[in-house]
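Construct the entire structure; sequences and hints are all you get.
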Amino acid sequence: MGDLFEQPFSAPVLWGLIVACGFGTWMLRLSFIQLAGIWALPRWLSRGLRYVPPAVLAALVVPAIVQADVLFTPAWDWTRLAAGLAAAAVALTKRVVLTLVVGMAALWIFMGLA
Amino acid sequence: MSASPSASAPVSDDPPPASALTPRVQLLAGVRAILPLIPGVIPFALVSAYAAREAGLTVAEALGLSTIVFAGAAQMAFVSLLASGAIAPVILLTVLVINLRMVMYSASLAPHLHREPAWRRLLMGYLLTDQAFAVSITRFTEAQTQPHKGWFYLGSAAPLWIVWQVFTLAGLLLGARVPPQWGLEFTVPLVFLVLLVPAIRDRPSAEAALVGGGVATALAAMPYNLGLIAGAVAGIGWGVLAEERRDRRDRRDRRQRTQREAA
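So the sequence lines, in the order shown, correspond to chains A and B. Read left to right, the first sequence gives residues -13 to 100 (this note's numbering). Read left to right, the second sequence gives residues 29 to 291 (this note's numbering).
Don't take each hint at face value.
Residues of chain A clear of chain B, computed beta-carbon distances all greater than 10 Å [as the list claims (entries may be wrong)]:
(1) PHE(-9)
(2) PRO60
(3) ALA61
(4) LEU78
Just so you have them, the derived chain B footprint on chain A, three or more residues with Cβ under 8 Å [what the hints assert, rightly or not]:
(5) 4 to 11
(6) 37 to 43
(7) 47 to 59
(8) 62 to 76
(9) 82 to 89
25 Å max Cα-Cα, derived SDA-like pairs, lysine to any residue [what the hints assert, rightly or not]:
(10) A:LYS80 x A:PHE96
(11) A:LYS80 x B:ARG231
(12) A:LYS80 x A:LEU67
(13) A:LYS80 x B:PRO45
(14) A:LYS80 x B:THR173
(15) A:LYS80 x A:ARG36
(16) A:LYS80 x B:GLY203
(17) A:LYS80 x A:LEU35
(18) A:LYS80 x B:ILE228
(19) A:LYS80 x A:ALA61
(20) A:LYS80 x B:ILE70
(21) A:LYS80 x B:ALA186
(22) A:LYS80 x A:TRP62
(23) A:LYS80 x B:PRO64
(24) A:LYS80 x B:ALA234
(25) A:LYS80 x A:MET90
(26) A:LYS80 x B:GLN172
(27) A:LYS80 x B:GLN174
(28) A:LYS80 x A:VAL52
(29) A:LYS80 x B:THR169
(30) A:LYS80 x A:VAL56
(31) A:LYS80 x A:PHE58
None of these hints come from the bench; they were simulated from the model. Heads up, the beta-carbon is just placed ideally off N, CA and C, and yes, glycines get one too.
Following this line, the structure appears as C-alpha cells:
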C-alpha cells in the first residue's frame, strides 16, 4: 500500500482514489432516484423541487453569459454578454438550433469586431 | 407545466398522444433533445484529456477517470489538484463537493423515474449529467403523465456518455484540442437558455430564476462550483416563499370578495 498523504501516489493509491471518487459521485447521483422507490418524497421537498429547473438553469446560464469569473477584471469583454442577449431574444421562440446558430454567429461577429 | 406549449417548435417536440409514445419513440426523442448539447461537450472532453496527460496520468488512468467518475468539472479538479500535489482526501472531498448538485437533479428526476426497475435506476444514476437533467426535466414537466419517461432519459443521457468517452480517448491519443478562440463551450449555456424559457411559467418561478442567476453570478469566485449550488439553493428557497406569498394574497382576495358579496 502506498501513502494517501504524500505524492506521488503509487498506482494502487491512484486507482483507489479514482474508484472512490467514482463511487461517491455515483451515490450522489443515485441518491433520490434510488430512494424514491422506497419512500415517497415529503410534500415540502416536492414543492421545492418545482423550483429546481428555473433556479439551476439560471445559475448555469447567467454566470456563463456575463463571464462572472472575470467580471470587473481587465480580462472581461462585452462579446459574450452581447451574444447572450441576442440569443436570449431568439430563445423566447424555444427553438434550440436557431438560438445556437444566432448566438454563435453573434459571438464570432462580435469577437471579430472587438 | 402548461399542457399546451406554443404550436411553433418547442424545446422538445410536443409529446404526441400517449399511445404513440413507445419506448423507441421516447428513446429517439431523448437523443434528438440532447444533440444540440453535443458540440459544447466535445472541447471540454478534449481539454480534460489534455489536462489529465499534463498531470502525468497514463492513458489507462485517464480513461479510468473519465469512465468511472464521468463528470467533467470534477475530473478537471481531480487532475489539477493532483498536479499541485494535493493529498488524496482533499481530492476526494473536492470531487464530491463539485458533484453535490447531482443530488438536486436526482431529487427532481426521482418522481419521474421511480417506476423503473431498480437495476436500471443504478445505470440511470451513473449517467446523470447537467445536460441530461436539463432536457429530461423540461420534457417531463411539459407532460406529466407520458409513458416510458425512463427511455427518454436514457436516450438523452447515453449519447453524452459515448461522446465524452470517444473524445476523451481522441484527446489522449491525438492530443487534439479545439482552438479556444472558437468559443464552442459557449453553446452549452445557449442551450440551457432555451430550456430556461419554459421553466419560467409564473411569477414565483421567474423570481426563483432571478435569484438563482444573481446569487450564482455574485458568488462565481467561490471554489468547487459552490457558487452554483448556493445560487440554486437560494433560488429554490425564494421560489417556495414567493409561491406562499402569492397563495396568501390569493386567499385574502377571495375572502374579501366573499365578504363584500355577503354585505
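So, against the hints stated earlier in the document, which numbers end up violated here?
1, 4, 16, 19, 22, 30, 31
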